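Asker: What follows is each chain in one-letter form.
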Amino acid sequence: MTALLLRDLKLSVRAGGGALIGILFFLTVVAVIPFGVGPDLNLLSRIGPAIIWIGALLAALLGLDRLFQADRDDGSLDLLLMQEHPLVLTVLIKCLAHWLANVLPLVIASPLLGLFMNMNEVSIGAVMLTLLVGSPALAFIGAVGAAVAVSLPRGGLLVSILVLPLTIPVLIFGVSASYAAVQEPAPFLPPFLILTAITMFFAVIGPLGAALALRNGGD
Amino acid sequence: MTESLAITKFSDLANPTRFLSLASRLLPWMGGATAIFFVVGLYLAFASEGDYQQGETVRIMYIHVPAAWLSMMCYSVMALSAIGTLVWRHPLADVSHKAAAPLGAAFTLIALITGSLWGKPMWGTWWVWDARLTSVFILFLMYLGIIALNRAMDDPSKAARVSAVLILIGFVNIPIIKFSVDWWNTLHQPASVIRMGGPTIDGEFLRPLLVMAIAYTLLFFTLHVMAIRSEIWRRRIATQRRVAARMASRES
Numbered sequence: 001m002t003a004l005l006l007r008d009l010k011l012s013v014r015a016g017g018g019a020l021i022g023i024l025f026f027l028t029v030v031a032v033i034p035f036g037v038g039p040d041l042n043l044l045s046r047i048g049p050a051i052i053w054i055g056a057l058l059a060a061l062l063g064l065d066r067l068f069q070a071d072r073d074d075g076s077l078d079l080l081l082m083q084e085h086p087l088v089l090t091v092l093i094k095c096l097a098h099w100l101a102n103v104l105p106l107v108i109a110s111p112l113l114g115l116f117m118n119m120n121e122v123s124i125g126a127v128m129l130t131l132l133v134g135s136p137a138l139a140f141i142g143a144v145g146a147a148v149a150v151s152l153p154r155g156g157l158l159v160s161i162l163v164l165p166l167t168i169p170v171l172i173f174g175v176s177a178s179y180a181a182v183q184e185p186a187p188f189l190p191p192f193l194i195l196t197a198i199t200m201f202f203a204v205i206g207p208l209g210a211a212l213a214l215r216n217g218g219d
Numbered sequence: 001m002t003e004s005l006a007i008t009k010f011s012d013l014a015n016p017t018r019f020l021s022l023a024s025r026l027l028p029w030m031g032g033a034t035a036i037f038f039v040v041g042l043y044l045a046f047a048s049e050g051d052y053q054q055g056e057t058v059r060i061m062y063i064h065v066p067a068a069w070l071s072m073m074c075y076s077v078m079a080l081s082a083i084g085t086l087v088w089r090h091p092l093a094d095v096s097h098k099a100a101a102p103l104g105a106a107f108t109l110i111a112l113i114t115g116s117l118w119g120k121p122m123w124g125t126w127w128v129w130d131a132r133l134t135s136v137f138i139l140f141l142m143y144l145g146i147i148a149l150n151r152a153m154d155d156p157s158k159a160a161r162v163s164a165v166l167i168l169i170g171f172v173n174i175p176i177i178k179f180s181v182d183w184w185n186t187l188h189q190p191a192s193v194i195r196m197g198g199p200t201i202d203g204e205f206l207r208p209l210l211v212m213a214i215a216y217t218l219l220f221f222t223l224h225v226m227a228i229r230s231e232i233w234r235r236r237i238a239t240q241r242r243v244a245a246r247m248a249s250r251e252s
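The listed protein sequences derive, respectively, from chains A and B. Letter 157 of the first sequence, counting from 1, is numbered 157 in UniProt numbering, and no numbers are missing. Letter 135 of the second sequence, counting from 1, is numbered 135 in UniProt numbering, and no numbers are missing.
The set of hints was computed from the structure by calculation and includes no laboratory data. One or more hints might be untrue.
[To be verified] Covered by chain B, according to a simulated footprint, are these stretches of chain A (three or more residues, beta-carbon under 8 Å):
hint : segment
1    : 146 to 152
2    : 185 to 191
3    : 207 to 217
None of the values given here were measured: they were computed from a predicted structure. Ideal placement from N, C-alpha and C gives every residue a C-beta, glycine not left out.
The whole structure should be built from the sequences, with the hints applied where relevant.
Answerer: Now the structure itself:
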């Protein structure tokens, strides 16, 4: 399992720009927003957490269609399906590797974008914390979409369409927790705990569904 | 004993020919009952009194509410079929959830459009991003995603199994829709018919609403059986074409 984790990490870091391309996409999405809504710093600081969350959500979807497809192309997916370890565990490890290589850099890059958005320190910290807790759920939900679309030749767009509606609860509670940290009357903890609960819920459901889809979708 | 009898009856239906003969016997009755309930329901809907606050627009409810119920029930039917596909490998379950997806999308669209038409005079806006409306809209998007996934794959049985997984994962949205009006403060009114402690809605409105709900449910099942039947026919034709093509290539 550790070997699989290390292999996936190495593959995704070394192939095609690795984590940098995700960060670059994240940066570009967030940088485009001020052109759309205008360079009003007050407005930007108000909608900043939401924009960073949406940018991270879109960037997390980027490498998703390759999650199982690359393995399928070189045949190692069949080996993973045939080995004795439970497939659910394998999928979980692959999700973790995907998260470490592609999503964690986004979390680390988010404070910089927070500065661009004229957010204060508390708000930046809250966004980073909620992203850290909420983004694994994006990887787990994404694994289901990736597994469902694994055998499709152009699955990337379809994966996004299938996955985005399911990620909305994560977005809702992530953004509301980040806002609650700044705006006084709203308590921070309840939405944050619900976000944690969503992540844990999908940590169970996501790999299960993805394993089921891989078993059934294999040819 | 009775249970095993029920199971054998149910697995009898796995034979498409038996299903087709049963469907051809049932469909005229179901269609007739649907028509009768729709006539009675629409008559009641127009004969009942208007609300003292909402006036005549309250009649939109008789179209809107059953469609919204059906949009959720259709997803539940699809989820049950998905379990049938994955657990029992019931061949008709494959066809069933594939055939139900466009119907569900249509009912959801009806609910969204009539709700929008009702929202304009009542709330003063076509659309608000509140919890109930947004979650139903997401349901609509999920129906379209499932249809797209089904279309994207060539092998029908593989497409059925893979989309069954997706349907089951997406089922988390159904409780969210049902309880969204209780969990969040929204513009949409809370449940007033199916709730603990009996309906709060007046009998004058409840009667046409229930008749319309029965009519919609019958309509759904009639269309569903018809869609399953045409899907079976379509697959048979595809098989026959393949056989014919093989014969032709062998001759030449």
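Asker: Now tell me if each hint is right for this structure.
Answerer: Quick rundown of the hints versus the structure:
1. Taking a C-beta to C-beta cut-off of 8 Å, the segment 146 to 152 of chain A contributes 5 residues in contact with chain B, enough for the three needed, and the coverage statement holds.
2. Three residues within the 8 Å Cβ limit are the bar, and the segment 185 to 191 of chain A against chain B gives 0, so the coverage statement is violated.
3. Check on the segment 207 to 217 of chain A: 5 of its residues sit with their Cβ under 8 Å from a Cβ of chain B, so the three-residue criterion for coverage holds.
Of the numbered hints given earlier, the model fails hint 2 alone.
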